[in-house]
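Asker: The whole structure should be built from the sequences, with the hints applied where relevant.
Single-letter residue listing:
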Amino acid sequence: GQQVMQIPQYQHVQEGEDFTTYCNSSTTLSNIQWYKQRPGGHPVFLIQLVKSGEVKKQKRLTFQFGEAKKNSSLHITATQTTDVGTYFCAGQGSGAGSYQLTFGKGTKLSVIP
Amino acid sequence: DARVTQTPRHKVTEMGQEVTMRCQPILGHNTVFWYRQTMMQGLELLAYFRNRAPLDDSGMPKDRFSAEMPDATLATLKIQPSEPRDSAVYFCASGLVLAGWETQYFGPGTRLLVL
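Chains as they are written, first to last, in this note's numbering: chain Y, 1 to 113; chain F, 1 to 115.
Everything labelled a hint here was simulated from the structure, so no lab data went into it. All of these numbers come straight from a predicted model, not from anything done at the bench. We put the beta carbon where it would ideally sit given N, CA and C, even for glycine. Everything hinted at is true.
Pairs of lysine-lysine residues, derived as BS3-like cross-links and limited to a Cα-Cα distance of at most 30 Å, are as follows: (1) K78/F to K36/Y; (2) K108/Y to K11/F; (3) K36/Y to K11/F.
Ranges between beta-carbon positions, derived for each pair: (4) I47/Y to T5/F: 19 to 29 Å; (5) T7/F to I47/Y: 23 to 33 Å; (6) N51/F to Q80/Y: 34 to 44 Å; (7) P39/Y to R85/F: 17 to 27 Å; (8) D71/F to T27/Y: 30 to 40 Å; (9) A68/Y to T5/F: 31 to 41 Å; (10) E14/F to K51/Y: 49 to 59 Å.
Calculated Cβ distances over 10 Å to all of chain Y for the following chain F residues: (11) P8; (12) E18; (13) V19; (14) G28; (15) H29; (16) D63; (17) D71; (18) T76.
Answerer: Next comes the structure, spelled out in structure tokens:
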């Protein structure tokens, strides 16, 4: 079945430093989504990428979808303490009826003030 | 502000007891998902429904877990009998299909502790 690998598992950064998490799928995806889960909270949808090579920005967050639609990355510029949490990528398969998302295990970001 | 609601938010029970978790999806959403989250395994998909019909429950231990959608406003996840290894956070999410792709909206979760 489809597998989604995410690295690193943990990342500790000094406030103001940049942060990047990477996501790789074993199969070609129709789209990839990113979610953020604050400590003690629930995953919250951030963004969806659909097109090959797509790049989207949300303020200090930059999301990329690979050309082969099998990998993605999330980059945060100049991290802030409000960025603390676990970031999940979730891939949706490209086969017919592939409704379910396969989540990576997440990257837990800690920001040291 | 439409949200997925889940009850109870916290549940402590003893091994062998039945546990029922409830979810109210966002009105108009036609897909419902149940996930289990633990430190070791991360987010695991247990079951999902589309238009109230079960599409996939392969991630769910069949002998003790069951998931149903008695109507469009209610999804349930039952564990009988519960075991300590079932201790986890159980999330319900509802989905909206747009152009064939789906975004999921998670509820606050039920934090289950089985002693």
